[in-house]
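K.L.:
Sequence:
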Amino acid sequence: KNGADIYLDVPLGTVAKDAETGEILFELVEPHEERILVKGGRGGLGNNNFKTATNQTPRYSQPGEPYEEGWFILELKLLADVGLVGFPNAGKSSLLTAISDARPKIGAYPFTTLNPIIGTVIFEDFSQIRVADIPGIIVGASEGIGLGIDFLKHISRAKVLMFVIDCAGVDNRTPWDDYKALRKEISSYDPELLNKPTILIANKMDAPGAEANLAKLERVARRKAIAISALDGTGLDTLRTKLK
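Residue numbers (my numbering): 2 to 245.
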């Protein structure tokens, strides 16, 4: 208004894109960072601005300067050190609650969590990391099924990916197939994401059948898993040590 600059407050982690080309213009990664999205032109001056005592009706004016315009997309990508990925009911929300200050809604049904949630894990030396629960990943997420792509985009900002697997197969799922399916969806969305450091978590080790499934999960994944129970706390100290 009246030629004043217009400021738009957006969350840290916002990415600005050109709506027509998809080009990323900038990312806001520092607190209180300011970036110019588009410049306005200086307004012109009408003849009345040049009126003087000796020239009551000036016949000249000053034209305005050209301005910039465009269509832009502002997209939020969460900034987190660790991203929790797993199918619904794998126990990601319970795990985040157990190791951090986050208090997400928890329920024994799919899609309890409908928005990415970030928690802060604070260690004994007062150092801390940010862990994000990335919900909504299902088979076909990379093709737009459900809200998969809306959530998958947040994974790209995490430094480490933590695969949370229901090792007990509570929903009649096989843990090793879940692991392979998760990697396939992430790779289909962006193959580079699997170049990030990863941690394999075998959750629900307190449930029947989990111990028997653990060995095959590790064999198929060709790596060791950290066996935990977010419910009773088994293995959480080991996990926290790994995160630190």
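Fair warning: there could be bad hints in the mix.
[Unchecked claim] Restraint ranges, calculated between C-beta atoms of paired labels, are given here:
no., residue 1, residue 2, range
1, ARG223, ASP6, 49 to 59 angstroms
2, LYS243, ALA216, 45 to 55 angstroms
3, ASN196, THR121, 45 to 55 angstroms
[Unchecked claim] Cut-off 27 angstroms, straight-line C-alpha distance, at most; resulting in silico cross-link-like pairs (DSS-like, lysine-lysine):
no., residue 1, residue 2
4, LYS185, LYS154
5, LYS160, LYS185
6, LYS18, LYS52
7, LYS185, LYS243
Hints are computed from structural coordinates only; laboratory data are not their basis. Values in this document were obtained by computation on a predicted structure and should not be read as measured data. Glycine included, each C-beta is placed from N, C-alpha and C at the ideal position.
K.L.:
Regarding ARG223 and ASP6, is the given constraint of 49 to 59 angstroms on their beta-carbon distance met?
P.N.:
55 angstroms, holds
K.L.:
Does the structure keep LYS185 and LYS154 at a Cα separation of 27 angstroms or less?
P.N.:
15 angstroms, holds
K.L.:
Evaluate the given range 45 to 55 angstroms for the C-beta pair formed by ASN196 and THR121.
P.N.:
26 angstroms, violated
K.L.:
LYS160 and LYS185: Cα distance at most 27 angstroms?
P.N.:
19 angstroms, holds
K.L.:
Mind checking the alpha carbons of LYS18 and LYS52 for me, to see if they're no more than 27 angstroms apart?
P.N.:
Not satisfied, since the Cα-Cα distance of roughly 45 angstroms exceeds 27 angstroms.
K.L.:
Between the beta carbons of LYS243 and ALA216, is the distance compatible with 45 to 55 angstroms?
P.N.:
Because 20 angstroms falls outside the window, the suggested range is violated.
K.L.:
Going straight from one Cα to the other, do LYS185 and LYS243 come out at no more than 27 angstroms?
P.N.:
Holds. LYS185 to LYS243 sits at ~25 angstroms (cutoff 27 angstroms).
Taken one by one, the earlier hints fail for this structure at numbers 2, 3, 6, listed in ascending order.
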